[in-house]
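Here is what each chain is made of, one letter per residue.
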Amino acid sequence: MAQIMMWEAIRRAHDEEMANDPLVIAMGEDIAVAGGTYKATHGLYEKYGEQRVIDTPISENGFTGLGIGASFLGVRPIIEIMSVNFAWLAMDQLFNSAAKVRYMSGGQLLAPIVVRSPGGTAHQLGSQHSARMEKVFMGIAGLRVVTPSNPRQAYGLLKSAVRCNDPVFINEHELMYNMKGEVPEEEYFHPLVGSEITREGRDVTLFGYNISVHWCLQAADLLAQHHGIEAEVIDLYALSPLDRAGIRTSVTKTHRAVIVEEAEPAVGVGAEVMAILNEECFFELDAAPVRVSALNVPIPYNHALEKAALPDANDVVEAVRKMFGI
Amino acid sequence: MKDADKKRLLREMLFARRFEERCYEAYVERNIGGFLHLYPGEEACAHGVLEAARTGHDYVITSYRDHIHAIKSGADPRAVMAELFARETGVSKGRGGSMHIFDVAHRFMGGYALVGGPFPLAAGIAKAIQMKGGDEICICFLGDAANNQGTFHESLNMAALWKLPVLYVCENNLYGIGTRIDRSTAVIDQYKRVAGYNIPSAQADGQDVELVHKAAVKAIRHVRGGKGPYFLELMTYRYRGHSMSDSNAYRTRTEERVWSKRDPIILLRDRLIKDGKLTLQEYKDMDTAILDEIEDGVIRFATESPEPHISEVEKYVLADNDPWVRGGVT
Chain A
1 MAQIMMWEAI
11 RRAHDEEMAN
21 DPLVIAMGED
31 IAVAGGTYKA
41 THGLYEKYGE
51 QRVIDTPISE
61 NGFTGLGIGA
71 SFLGVRPIIE
81 IMSVNFAWLA
91 MDQLFNSAAK
101 VRYMSGGQLL
111 APIVVRSPGG
121 TAHQLGSQHS
131 ARMEKVFMGI
141 AGLRVVTPSN
151 PRQAYGLLKS
161 AVRCNDPVFI
171 NEHELMYNMK
181 GEVPEEEYFH
191 PLVGSEITRE
201 GRDVTLFGYN
211 ISVHWCLQAA
221 DLLAQHHGIE
231 AEVIDLYALS
241 PLDRAGIRTS
251 VTKTHRAVIV
261 EEAEPAVGVG
271 AEVMAILNEE
281 CFFELDAAPV
291 RVSALNVPIP
301 YNHALEKAAL
311 PDANDVVEAV
321 RKMFGI
Chain B
1 MKDADKKRLL
11 REMLFARRFE
21 ERCYEAYVER
31 NIGGFLHLYP
41 GEEACAHGVL
51 EAARTGHDYV
61 ITSYRDHIHA
71 IKSGADPRAV
81 MAELFARETG
91 VSKGRGGSMH
101 IFDVAHRFMG
111 GYALVGGPFP
121 LAAGIAKAIQ
131 MKGGDEICIC
141 FLGDAANNQG
151 TFHESLNMAA
161 LWKLPVLYVC
171 ENNLYGIGTR
181 IDRSTAVIDQ
191 YKRVAGYNIP
201 SAQADGQDVE
211 LVHKAAVKAI
221 RHVRGGKGPY
231 FLELMTYRYR
241 GHSMSDSNAY
251 RTRTEERVWS
261 KRDPIILLRD
271 RLIKDGKLTL
281 QEYKDMDTAI
291 LDEIEDGVIR
301 FATESPEPHI
311 SEVEKYVLAD
321 NDPWVRGGVT
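Line by line, the protein sequences are chains A and B. With this note's numbering applied, the first sequence closes on residue 326, and no number is skipped along the way. With this note's numbering applied, the second sequence closes on residue 330, and no number is skipped along the way.
Read the hints as simulated data drawn from the structure, not as lab findings. A hint or two may mislead.
Stated by the list, open to error - Only pairs whose alpha carbons sit at most 25 angstroms apart, straight line, appear in this in silico DSS-like list of lysine-lysine:
#	chain 1	residue 1	chain 2	residue 2
1	A	Lys-307	A	Lys-135
2	B	Lys-2	B	Lys-192
3	B	Lys-284	B	Lys-2
4	A	Lys-47	B	Lys-132
5	B	Lys-163	A	Lys-47
6	B	Lys-284	B	Lys-315
7	B	Lys-163	B	Lys-132
8	B	Lys-261	B	Lys-277
9	A	Lys-135	B	Lys-261
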């Protein structure tokens with residue numbers, strides 16, 4: 001199995017799906033001639049031409065809507081929104097058109113689009129370039145939301161998303177495009193539902209997704225080394241629908257849960273997983289579930305303030321220690 | 001246009017008028033719920049343009065004032081009324097309602113309830129046509145007030161940039177909900193606004209179906225000829241309020257009287273009578289037959305149709321048993 005970077009994995013998925021189906025197109029700001037801000041579409045313009053690899057104007061709502069309209073006729077657009085912060089501008093078309101058209105047409109029209117967008121906080125990008133918007137997307141019926149934590153998922157999720165008949169939002173991360181990981185040599189399609197046990201454990205379940213999976217893994221190592229606590233790490237790569245069964249199964253084993261999210265706590269993944277724990281396995285819990293989240297502030301520019309606003313592996317360790325009273 | 005076609009158009013427009021008036025009654029009778037936006041006064045717009053199109057072949061998309069565009073595109077009026085009555089036999093299986101009439105088999109790609117929402121969708125449909133290499137075009141009908149949305153500018157820019165086969169038809173009825181155009185819009189003539197995107201455009205009398213048709217023939221020839229988008233503005237007037245919750249208090253009775261003298265149906269009727277192609281009695285008989293057809297065919301069908309099953313409330317949210325959801329495993 002080859003070790004490749006996240007951007008290469010995403011690029012490979014584009015390339016294979018475009019080779020497989022002439023109706024697959026890629027569109028977005030700077031994705032064609034420039035090859036994409038994070039190189040996710042590097043070289044595709046030269047290979048597939050300007051009809052299929054399209055530099056769009058800076059009109060997020062407009063080009064997202066254009067992609068949706070094209071998808072009504074069987075075109076499968078992979079739309080890159082350069083930064084998830086700009087996706088706010090495309091919410092009208094994503095929510096009012098893509099997510100609802102199948103239902104309100106009585107099943108006549110499908111909108112099989114893929115929207116990929118990097119979110120999360122990077123290094124001192126300031127308030128308007130540090131949004132974590134997964135909570136917004138996952139609250140909308142009619143939209144699938146997935147979020148890769150490694151190159152294998154990034155590759156396989158995009159491949160499945162392109163072929164799936166539902167609109168899929170792929171929440172990537174600004175800091176993770178150069179992360180290396182193993183991706184199968186052969187073609188691979190990752191499920192758009194479910195979750196993965198990234199580390200087996202028996203004492204507490206750490207739920208993470210996207211970048212927070214890595215904080216959970218670091219925390220699990222620290223907990224094992226220093227406290228003899230064996231944490232299980234569950235990767236919630238599918239945010240909508242969330243894997244109720246996977247969440248229940250793990251907590252039925254460990255009886256304790258910590259949810260780790262890069263976003264502000266309100267109405268987020270942590271809140272949603274806690275609700276699922278209540279609904280699915282309340283009596284399995286030996287302690288009240290805890291969420292580790294960002295502070296409820298716009299992300300500051302100053303490095304120390306930015307760091308203070310965000311959670312990390314140490315915060316996860318602290319949360320677990322508090323839960324165990326150690 | 002041949003006399004037979006003019007007489008058929010007269011009948012279609014009169015049918016549209018009576019259909020919408022019956023919708024009004026059905027709303028008052030509480031057989032229709034939600035929001036209801038009616039088309040009387042504007043019939044010549046949809047009929048003149050779509051008469052020049054290849055309905056069932058060309059794609060049509062519009063706003064929430066959509067019943068008549070769907071019917072002229074080929075939708076069964078009984079299934080449109082059944083949709084308004086929220087029945088399983090409705091065009092959108094009772095899930096859409098008045099603002100979301102869809103008949104994809106006839107390439108009527110839907111009514112959308114966000115003002116300006118269809119602008120980019122129409123450009124996208126045109127992009128797909130262009131990719132597939134067909135000779136279809138996409139026709140997008142929207143009101144004048146939609147042109148104050150960002151989607152207007154974003155979509156016209158892309159349509160012109162990529163020479164997409166889309167005809168934007170602006171039904172300028174002079175009001176955006178209840179605000180008169182000169183109080184909301186810096187440029188009154190909407191066809192002038194697209195000059196900034198190098199899109200050819202024209203303005204036509206939207207009350208005279210023959211003039212609308214003539215303008216649409218020219219517009220469609222341009223778009224189908226691969227020359228890119230076109231923008232056609234039709235000056236028209238809606239007799240009723242924006243929706244049923246609108247008392248129409250913001251307009252003067254004088255203004256309404258002026259426009260009613262240029263009623264699209266009466267205009268065509270009187271022309272046909274003057275030319276000796278129609279008698280007033282024939283028109284009255286036509287009207288009676290239409291009223292009977294609506295009552296005995298359309299309304300009865302809607303009334304007698306079943307409602308959707310409660311057990312199917314979650315159907316159509318996401319694709320059923322799509323193998324790619326599980327990574328290609330069936």
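Hints and how they fare:
no., hint, result
1, Lys-307(A) - Lys-135(A), "holds, 21 angstroms"
2, Lys-2(B) - Lys-192(B), "violated, 32 angstroms"
3, Lys-284(B) - Lys-2(B), "holds, 22 angstroms"
4, Lys-47(A) - Lys-132(B), "holds, 19 angstroms"
5, Lys-163(B) - Lys-47(A), "holds, 22 angstroms"
6, Lys-284(B) - Lys-315(B), "violated, 46 angstroms"
7, Lys-163(B) - Lys-132(B), "holds, 14 angstroms"
8, Lys-261(B) - Lys-277(B), "holds, 21 angstroms"
9, Lys-135(A) - Lys-261(B), "violated, 55 angstroms"
Hint violations for this structure: numbers 2, 6 and 9, all remaining hints satisfied.
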